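Read off the chains here:
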Amino acid sequence: MSIKHPVDQKEIDEHLKLQEEIFVPSRYEFLKAHKGLRPGCLHGIISTTGAGKSTLTKALIVEAATHHKVMVWLSEETVKEYQALISKMDQRVLANIVFVEEKEIPEEIKRNQSDFFEYFNQMVEESDPWIVFIDNVTTSAFYNMRYGLAGQNRSAEFLKNFPKLTGKAVFYVGHTDSKVHDNFKNVITPEMIRGSKELPLATEYFYCFQKFIANDQIFTLLRVAKHRHHKDAAGWYALVFEKDFYVADVKAPFSTVNKIFKKRDYLGKYQKKDQ
Amino acid sequence: MRIKYKCNQDLKPMDLQMLILALGQAQESGETIFFSDTTEIVIGEKIPSKLKKDPTARMTIVDDVIRFLNEKTGKRYSSKAAANQKLILARINEGATLEDFKTVIENKVRSWKGDHYWDKYLRPSTLFQASKFEGYLNERSQKTEEQSGFDELQNLMETKRQ
Numbered sequence: 487m488s489i490k491h492p493v494d495q496k497e498i499d500e501h502l503k504l505q506e507e508i509f510v511p512s513r514y515e516f517l518k519a520h521k522g523l524r525p526g527c528l529h530g531i532i533s534t535t536g537a538g539k540s541t542l543t544k545a546l547i548v549e550a551a552t553h554h555k556v557m558v559w560l561s562e563e564t565v566k567e568y569q570a571l572i573s574k575m576d577q578r579v580l581a582n583i584v585f586v587e588e589k590e591i592p593e594e595i596k597r598n599q600s601d602f603f604e605y606f607n608q609m610v611e612e613s614d615p616w617i618v619f620i621d622n623v624t625t626s627a628f629y630n631m632r633y634g635l636a637g638q639n640r641s642a643e644f645l646k647n648f649p650k651l652t653g654k655a656v657f658y659v660g661h662t663d664s665k666v667h668d669n670f671k672n673v674i675t676p677e678m679i680r681g682s683k684e685l686p687l688a689t690e691y692f693y694c695f696q697k698f699i700a701n702d703q704i705f706t707l708l709r710v711a712k713h714r715h716h717k718d719a720a721g722w723y724a725l726v727f728e729k730d731f732y733v734a735d736v737k738a739p740f741s742t743v744n745k746i747f748k749k750r751d752y753l754g755k756y757q758k759k760d761q
Numbered sequence: 021m022r023i024k025y026k027c028n029q030d031l032k033p034m035d036l037q038m039l040i041l042a043l044g045q046a047q048e049s050g051e052t053i054f055f056s057d058t059t060e061i062v063i064g065e066k067i068p069s070k071l072k073k074d075p076t077a078r079m080t081i082v083d084d085v086i087r088f089l090n091e092k093t094g095k096r097y098s099s100k101a102a103a104n105q106k107l108i109l110a111r112i113n114e115g116a117t118l119e120d121f122k123t124v125i126e127n128k129v130r131s132w133k134g135d136h137y138w139d140k141y142l143r144p145s146t147l148f149q150a151s152k153f154e155g156y157l158n159e160r161s162q163k164t165e166e167q168s169g170f171d172e173l174q175n176l177m178e179t180k181r182q
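Going down the list, the sequences are from chains A and B. Going by the numbering used here, the first sequence opens with residue 487, and the numbers climb by one from there. Going by the numbering used here, the second sequence opens with residue 21, and the numbers climb by one from there.
None of these hints come from the bench; they were simulated from the model. Note that the structure is a prediction, hence the values are computed from the model and not measured. Certain hints may be false.
Below, a list of computed lysine to any residue pairs in the SDA-like style, where the Cα atoms sit at most 25 angstroms apart [stated by the list, open to error]: (1) 671/A <-> 101/B; (2) 518/A <-> 174/B; (3) 671/A <-> 126/B; (4) 92/B <-> 41/B; (5) 650/A <-> 664/A; (6) 748/A <-> 676/A; (7) 95/B <-> 157/B; (8) 729/A <-> 181/B; (9) 745/A <-> 171/B; (10) 745/A <-> 95/B; (11) 683/A <-> 599/A.
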């Protein structure tokens, strides 16, 4: 570490200009609010199992692959399983996507965390993507219980540093812990991730995905829980599902969301920053 | 007055004495005596007079309640099952109306349907249990606000669909 002096105005202007640049145009309001997926940044989303976060992630993969090369790191699913919906959305983008199935990585590599990180780096180096999607980080070797909580923290550190060192964007998907379920009466927060809580802390753009069943239909709310310096980016968005995927989203006023969570005063602390 | 006893256990002489005394007093004073369900004898509470006189109307309510429950939950409970009949009739005897049953069902469907843990409790034995029914019934006002939140959300989503 060294002492740093103030930078000149030109550098600041460039930095601000970069912040406003859109690298991946998106149909989703929650992404538009912070100018889409950001290079050199760690993005994360959590929800309960089966809430639809992978479906949303696949739509984001299609959007990213329309403009850049994408690497998809699969912890459990096979390429065939995962690709089905992507192909349905837009087959043309497949040329821009490469996959890694964690199942196929030799056990001796997964057994040693440093070897595993090295393998990850190698894969990224070979395919040179603009963004890496990890679906799902909490079931992947990054969060393998054999490393223990300390190991998971090391993975969080690795994933935090990786975008900074490479300039690439990383987007991971994670499960919430077992206490969280659909129709959950509390607001899902980043620290409700399964396993180590260090990863959300290290994440610059964090989304909490929450599913409800009411009026005989499914409602999916997404909360932008963390973002960097983008005005009005925080808040709640209702996702609109049609046929196979989320076709749009709409920002939900705090007053509406508050009614849904009325039972608790818990939401109060989000009011200020979300409004 | 409400006296509870367990049908699968012998009553202790003291309880039996109390029960006989209470029944005698109720009979003398012309109070109603009826079995609320398999574990309860209720003395002196009014059965809605129309329903009391009309067993067919009571059974129609049982049918309607079970049909409504099945519609809302997608389950297949039977109005012919003795346990379901007893519970519903017991609540009718306490003055519950068809609307009350529907409110309880709607309130709890809103909270529990689709929930991996609570969904299984959308069943007559939980919803219409003596100790729970009134509480579920009075969740109405709180739920209405939640309901209106989802209605607003639905409207917002519709604007995007158009």
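>> Run the distance test for residue 671/A versus residue 101/B: straight-line Cα separation, threshold 25 angstroms.
In response: 34 angstroms, violated
>> Need the status of pair residue 683/A, residue 599/A: alpha-carbon distance at most 25 angstroms?
In response: Between residue 683/A and residue 599/A the Cα gap is close to 18 angstroms, so the pair holds against 25 angstroms.
> Does the alpha-carbon distance linking residue 745/A and residue 171/B stay inside the 25 angstroms limit?
Replying inline: Holds. Residue 745/A to residue 171/B sits at ~10 angstroms (cutoff 25 angstroms).
> Taking 25 angstroms as the top limit, are the C-alpha atoms of residue 92/B and residue 41/B close enough?
Replying inline: Measuring from Cα to Cα gives roughly 45 angstroms; hence the hint is violated.
> Given the hint that residue 748/A pairs with residue 676/A, does the C-alpha gap stay at or below 25 angstroms?
Replying inline: 21 angstroms, holds
> Within 25 angstroms, alpha carbon to alpha carbon, are residue 671/A and residue 126/B?
Replying inline: 18 angstroms, holds
> Hey, residue 745/A versus residue 95/B, does the alpha-carbon distance stay inside 25 angstroms?
Replying inline: Given pair residue 745/A, residue 95/B is violated - Cα atoms ~29 angstroms apart, limit 25 angstroms.
> Given the hinted pair residue 95/B and residue 157/B, is their alpha-carbon gap at most 25 angstroms?
Replying inline: 21 angstroms, holds
> Given the proposed pairing of residue 650/A with residue 664/A, does the C-alpha separation stay at or below 25 angstroms?
Replying inline: 32 angstroms, violated
> Is residue 518/A within 25 angstroms of residue 174/B, Cα to Cα?
Replying inline: Holds - the C-alpha atoms of residue 174/B and residue 518/A are around 22 angstroms apart, at most 25 angstroms.
> Is the hinted pair residue 729/A and residue 181/B satisfied, with a Cα-Cα distance of at most 25 angstroms?
Replying inline: 12 angstroms, holds
Figure legend: structure checked against the earlier numbered hints; hints not met, in rising order: 1, 4, 5, 10.
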